[in-house]
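Asker: In order, the protein sequences belong to chains A and B. So in this note's numbering, spot 37 of the first sequence is number 37, and the numbers just go up one at a time. So in this note's numbering, spot 305 of the second sequence is number 305, and the numbers just go up one at a time.
Think of the hints as simulated: they come from the structure by calculation, not from any bench. Built from N, CA and C at the ideal position, the CB exists for glycine as well. Hints should not be assumed to be uniformly reliable.
Only part of the chain B face toward chain A is listed, based on derived beta-carbon distances under 8 Å [to be verified]:
1. Val149
2. Ser150
3. Gln153
4. Ile199
5. Gly221
6. Tyr224
7. Asn225
8. Leu238
9. Ile247
10. Asp248
11. Gln249
12. Tyr335
13. Gln338
Residue-level listing of the chains:
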Amino acid sequence: MAIEILFFGSLTDATTVGRLIVEDVTDTDQLKTYLMERYPALCSARYFVAVNQRMIQQTESLQPGDIVALMPPFSGG
Amino acid sequence: MLNNERYIRQMILPGFGQAAQDKLRAAKVLIIGVGGLGCPALQYLVGAGVGAIGLMDGDTVSRSNLHRQLLFNESDIGKNKAFVAAEKMKLLDPEISFLVYPFQLSNRNALDYIGAYDIVIDGTDNFAAKYMINDACVLLHKTFVYGAVSRYQGQVSVFNVTAGKGRSLNYRDLFPVSPARGEIQSCEEAGVIGVLPGIIGTMQAAEAVKLLTGLGETLYGRLYNYDVWQARSYEIVLSLHPDVTEIDQDSFVQADYSFVCEDGDEDIPEINVREFNRLLQEPNVFVLDVRERHEFPRIDFSDAQIPMSELQASLETLPAKEICVICHQGIRSVYAAQLIKTRRNLPVYSLKGGLTAYFNQQGI
Chain A
1 MAIEILFFGS LTDATTVGRL IVEDVTDTDQ LKTYLMERYP ALCSARYFVA VNQRMIQQTE
61 SLQPGDIVAL MPPFSGG
Chain B
1 MLNNERYIRQ MILPGFGQAA QDKLRAAKVL IIGVGGLGCP ALQYLVGAGV GAIGLMDGDT
61 VSRSNLHRQL LFNESDIGKN KAFVAAEKMK LLDPEISFLV YPFQLSNRNA LDYIGAYDIV
121 IDGTDNFAAK YMINDACVLL HKTFVYGAVS RYQGQVSVFN VTAGKGRSLN YRDLFPVSPA
181 RGEIQSCEEA GVIGVLPGII GTMQAAEAVK LLTGLGETLY GRLYNYDVWQ ARSYEIVLSL
241 HPDVTEIDQD SFVQADYSFV CEDGDEDIPE INVREFNRLL QEPNVFVLDV RERHEFPRID
301 FSDAQIPMSE LQASLETLPA KEICVICHQG IRSVYAAQLI KTRRNLPVYS LKGGLTAYFN
361 QQGI
């Protein structure tokens, strides 16, 4: 099952890509662990998670075709 | 008598009329940070006929500002931004009153100044000011229009709209904990394409006009992200964070908002499995497992498990002991240790190779 991950702002410093397709993850916690193992610099990054353009407050199960966004804070002005 | 000729092109819009124009004329808006975001926001709010505008900025114009802060020119270099901006805007519309605050926001002055305005435009360029504006606006029940940029992307939203029932969404619902000293993310020295703050600041002015007139639909409840390089926008519907509580006035005034940009690369000693086994016998060593809860194998020799994703919010719960951080492969634990070192300044180690190395060697 393919899930699309979008990395915003400076998170791409950690991932080097803005977009990633991930297979075989069933929920957002599992996805976070996978991403932290794959991109260790994400461990110290600050961001919130949205599934299908809705911010989540706890782990959510993921379905094929879901789009998960990792959104960091920006501070420039 | 309002100079209607000046505003006629917006007043003839369906639903706008004299009533909306009068609301703008009666409004007081405070722009904090008169730079890349604040300048375009200011120009459009003056254009729209907002009656009183406060300008707060302690910075002076520098040449490197001019690629994005087009209100200023060469002859302004070295002068205070708030003063210069007010002088120029008086030429655009002399009927508008400008109040100049040529200094930075602090938690000592924030409540007094913000309290005198209807809404606030966040034109600042650092996390300390953004959290301060948020917390002051929550305390004072003021709405503020948030804007920020990072390289090619910008964010806009409207926070703390107090009309509805219950607690209103604010910036801490997105990012509850302010960045620590040493967090790389607090440094936005990474550069910005000049037109981007122009777009984001102009959007902030548009949000303010809608808030003040009650017309249209604002971004309250949504975070709008714009990527100028990809020419793509992305919107996220926001929700209340369960851990965010309202700040009280005393803790606001006493809080330390002066988190500064520092190098986050604290040197973390890594220990091998043999040293780790010895540390396990030490009563004053606290073994912290930062794996997520669903990760295997379960272990019985850690003192606590705080998943990396929750560590930031739980740092204060760590005891004042030597901390040994462990994870699956010894990668996350280094980051966790850095966080503990910078935020709590405790002696901290990371198990090299993580539990994978530990179980490999125990098996031998």
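Asker: Give a verdict on every hint.
Answerer: Hint check:
Against a cut-off of 8 Å between C-beta atoms, the interface hint on valine 149 of chain B holds, since the closest Cβ of chain A lies about 4 Å away. At about 4 Å, the closest approach between the beta carbon of serine 150 of chain B and any beta carbon in chain A falls short of 8 Å, and the interface hint on this residue holds. Of the supplied interface hints, the one on glutamine 153 of chain B holds, with its beta-carbon coming within about 6 Å of a beta-carbon of chain A, less than 8 Å. Nearest Cβ of chain A to the Cβ of isoleucine 199 of chain B: about 13 Å, over the 8 Å cut. The hint is violated.
Evaluation of the glycine 221 of chain B hint against chain A yields a violated restraint, the C-beta minimum of about 10 Å exceeding 8 Å. This hint is violated: tyrosine 224 of chain B has a C-beta 11 Å from the nearest C-beta of chain A, more than the 8 Å allowed. Given hint, asparagine 225 of chain B at the interface with chain A, holds; its Cβ is 6 Å from that chain's nearest Cβ, closer than 8 Å. With a cut of 8 Å, the hint placing leucine 238 of chain B at the interface with chain A holds, because the nearest CB-to-CB distance is about 5 Å.
A distance limit of 8 Å between C-beta atoms decides the matter here; for isoleucine 247 of chain B the minimum to chain A is near 18 Å, and the interface restraint is violated. For aspartate 248 of chain B, the shortest C-beta to C-beta distance to chain A is roughly 24 Å, which exceeds 8 Å, and the interface hint is violated. Interface restraint check: glutamine 249 of chain B against chain A, minimum CB-CB distance 25 Å, threshold 8 Å, status violated. Evaluation of the tyrosine 335 of chain B hint against chain A yields a held restraint, the C-beta minimum of about 4 Å falling below 8 Å.
Residue-level restraint check for glutamine 338 of chain B holds (minimum Cβ-Cβ distance to chain A is 7 Å; threshold 8 Å).
In this structure, the earlier hints numbered 4, 5, 6, 9, 10 and 11 are contradicted, and the remaining ones agree with it.
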